[in-house]
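Asker: Let's have the full structure, built from the sequences with the hints guiding it.
So the chains spell out like this:
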Amino acid sequence: MANSPSTRTVALSAKSRMALMAGLALAWGVVPLLALALPAGNPLHLSDYALTLSGKILCYATVAVALDLIWGYAGILSLGHGLFFALGGYAFGMYLMRSIGHDGNYQSDLPDFMVFLDWKELPWFWHGTDSFVWSMLLVLIVPAVLAWVFGFFAFRSRIKGVYFSIITQALTYATMLLFFRNETGFGGNNGFTDFKRVLGFPITAPETRVVLFGLSASLLMGAIVLGRVLITSKFGRVLMATRDAESRVMFLGYQPLYYKLTVWTLSAMLCALAGALYVPQVGIINPSEMSPANSIEIAIWVAVGGRGTLIGPVFGAALVNLAKSWFTMSFPEYWLFFLGLMFILVTLWLPDGIVGLWRKLRSGRAAAPAAASAAPPAPAVPATPTAQPEAKAAGMSGRTVEGPVAKGA
Amino acid sequence: MKVAAKVPRNQDQAERENWDDSGSGRMAHPVIEGEPDLSHGVILYLEDITVSFDGFRALNKLTLSIDVGELRCVIGPNGAGKTTMMDVITGKTRPDSGQAFFGQSMDLTKLAEAEIAHAGIGRKFQKPTIFEHHTVFENLELAMKTDKRVRRSLFARLRSEDYDRIAQTLTTIRLENEADREAGLLSHGQKQWLEIGMLLMQEPRLLLLDEPVAGMTDDETERTAELFVSLAGQHSLMVVEHDMAFVEALGSKVTVLHEGSVLAEGDLATVQADQRVIEVYLGR
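These protein sequence lines map, in sequence, to chains A and B.
Take the first sequence: its position 337, counted from the start at 1, is 982 in this note's numbering, and no numbers get skipped.
Take the second sequence: its position 117, counted from the start at 1, is 123 in this note's numbering, and no numbers get skipped.
Among the hints, a few may not be true.
[Claimed, not checked] Result set (SDA-like, lysine to any residue): computed pairs, CA atoms no more than 20 Å apart in a straight line: (1) K116/B - S892/A; (2) K98/B - I804/A; (3) K969/A - F988/A; (4) K116/B - R801/A; (5) K133/B - I804/A; (6) K98/B - E891/A; (7) K151/B - E891/A; (8) K133/B - I956/A; (9) K805/A - K98/B; (10) K116/B - S802/A; (11) K151/B - S878/A; (12) K701/A - I956/A; (13) K1005/A - K133/B; (14) K98/B - D889/A; (15) K1005/A - L191/B.
The set of hints was computed from the structure by calculation and includes no laboratory data.
Answerer: So this is what it looks like as structure tokens:
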């Protein structure tokens, strides 16, 4: 038994390493080539619109991976992750606002909205935001501190399931209302916009966009690798054990509080980084990013892609957002209905999302020939060979059966 | 010169005595460092423990003590307070009044669950509570006695003696061929054994076992009794059980609980002959 390979999974298989390299080459090699070197008329040319849309989706996908880390692996459903995303965006937005310098409408030292409000000097929390380094620190520290403090009290009080989800939802809503006020000092309902440059480079230049895209892609891959390393460590196993039987974890002498807090804070920081990369690409950040609906949409990306799979949420985020882009152009009024429908369908029939479906199809195909040759009269062949033990496990723990929402609850 | 030499030692000592950071994370209460004091030969001491839930007295001035290395059976009708008693010992429920000590000096009423587990009390629940989505091997790995703080878990690697320990426990609980199986796929009896194995991995001084043979076959029950008898001596065990054949096979001292306090104590034959016991429990 001593030489059993049990649980000694390597964080990254050779195949994953290859995929990672290919991803990086694509983001930093192929995409710049297609966007910059090819003339606009070429059918392979990557337009500004396509580049920005994909960069945006990469940021969303990072948020989805971050949510999957806590929802899929720790069983904590946050419906307020949009908050951390927006805070990261705002923190970096402050730097972008300061970088406008005198090029704003009022040609003042202060950002335009402050001139408009007739403010004479920068509020204290804006000091130092003209420094890139300081604003990047804010991007990481502000959401991390908020997440840690909130998480500490919530997890210490053993708030779980739907109660936790509702509180996170209330938190993001309350912060949205706060940011809507002009007096809060973040541009009220208009937020920040009209950015001119980032680190001295013009923000709308194709080269800048290509770099932002590359950074977004790298952040996403980094998030996946980090997630993979975490969940294949003992830390990850304790986290999943907490999800499945928290009292047992405690009676084994672990403190679930600190395990949850670690992954929760990390997840918030990943969201914030994604937000910071999102803002220069879309050119605007306003309080509507904190609206409850946005945070719920993030959960839908994860559910559609497949909880607890890390790669699933990437597909979920991409699919839902591409559908959204198409719908809001073709049938804007039906988008929310479609979104709701998709969520219901996934909850009912695809509890493990797209990735779960893919796995089922693959194992079904692998087992089908064997089943066909061994036992001809098998009416429900396709999924049975693997589905059986799965269903048994689900029956005993209730995990696979419940579907995303019920699990979080 | 003397003073200078003395100060660091005092600080060191004070630190070791007061705030133990070798536990799992920083806690709300100080942990008394090191071993429970077993100098008087008693490992668990409950005195006048009372617990009420909305006026209902689950435990009523319960007094009970268990010796080091002892195997003790606790029986009693439903609602006698057996599970509540375990909740008090493991820190899940705080008593309204009374004292609970682990050894001579460790006050269980002031420690959190994880601290108590760390001090050496392992608990098996009535319903087998294992990690269904982890393999049998992983279940034992997570239970293993080690530093259980976050930053250690992030970089933890199993050493070869850890593999040996897990292998040894797998043999003890007869699951050596199921090591890589998902624990949720085990039979009910096997799950009970796995949970017992997890307790053993914790290397506890005191094991609390709530109906450990529920759902086991006769054969499995018999083997469990053998295992428990062999564990007594190196560990102290408190077994709550309804299965009289199993209690008899353990051949230990028996405590009968009724309405939250001790009704009778002694070997099984004596207890079974007790008129009050027959009235409240065995006679029905």
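Asker: None of the hints should be skipped; say for each whether it holds.
Answerer: How the hints compare with the structure:
The hinted pair formed by K116/B and S892/A meets the criterion: a straight-line CA distance of about 18 Å does not exceed 20 Å. At roughly 16 Å between alpha-carbon atoms, K98/B and I804/A fall within 20 Å of each other, so this suggested pair holds. For the proposed pair K969/A and F988/A, the alpha carbon gap of about 14 Å is at most 20 Å, so the pair holds. As the CA atoms of K116/B and R801/A are separated by approximately 17 Å, the hinted pair is consistent with the 20 Å bound.
The straight-line distance between the Cα atoms of K133/B and I804/A is roughly 23 Å, outside the 20 Å bound, and the hint therefore fails. Distance restraint check for K98/B and E891/A: the Cα-Cα separation of roughly 13 Å lies within the 20 Å cut-off, and the hinted pair is therefore satisfied. For the hint linking K151/B to E891/A, the alpha-carbon distance of about 18 Å falls within 20 Å, and the restraint holds. Among the hinted pairs, K133/B with I956/A is inconsistent with the structure: their alpha-carbon atoms are about 35 Å apart, more than 20 Å.
Proximity of K805/A to K98/B is assessed by CA-CA distance (about 17 Å); at most 20 Å being required, the pair is judged to hold. For a cut-off of 20 Å, the pair hint linking K116/B to S802/A stands: about 18 Å separates their Cα positions. Distance check on the hinted pair: K151/B and S878/A sit about 17 Å apart at the alpha-carbon level, within 20 Å; holds. Taken as a hint, the K701/A and I956/A pair is honoured in the structure, with Cα atoms around 17 Å apart against an allowance of 20 Å.
Restraint check for K1005/A and K133/B: not satisfied, since their Cα atoms lie roughly 31 Å apart, outside the 20 Å limit. With a C-alpha separation of about 18 Å, the suggested pairing of K98/B with D889/A holds against the 20 Å cut-off. With a C-alpha separation of about 19 Å, the suggested pair K1005/A and L191/B falls inside the 20 Å cut-off, and the hint holds.
When each numbered hint is compared with the structure, violations occur for hints 5, 8 and 13.
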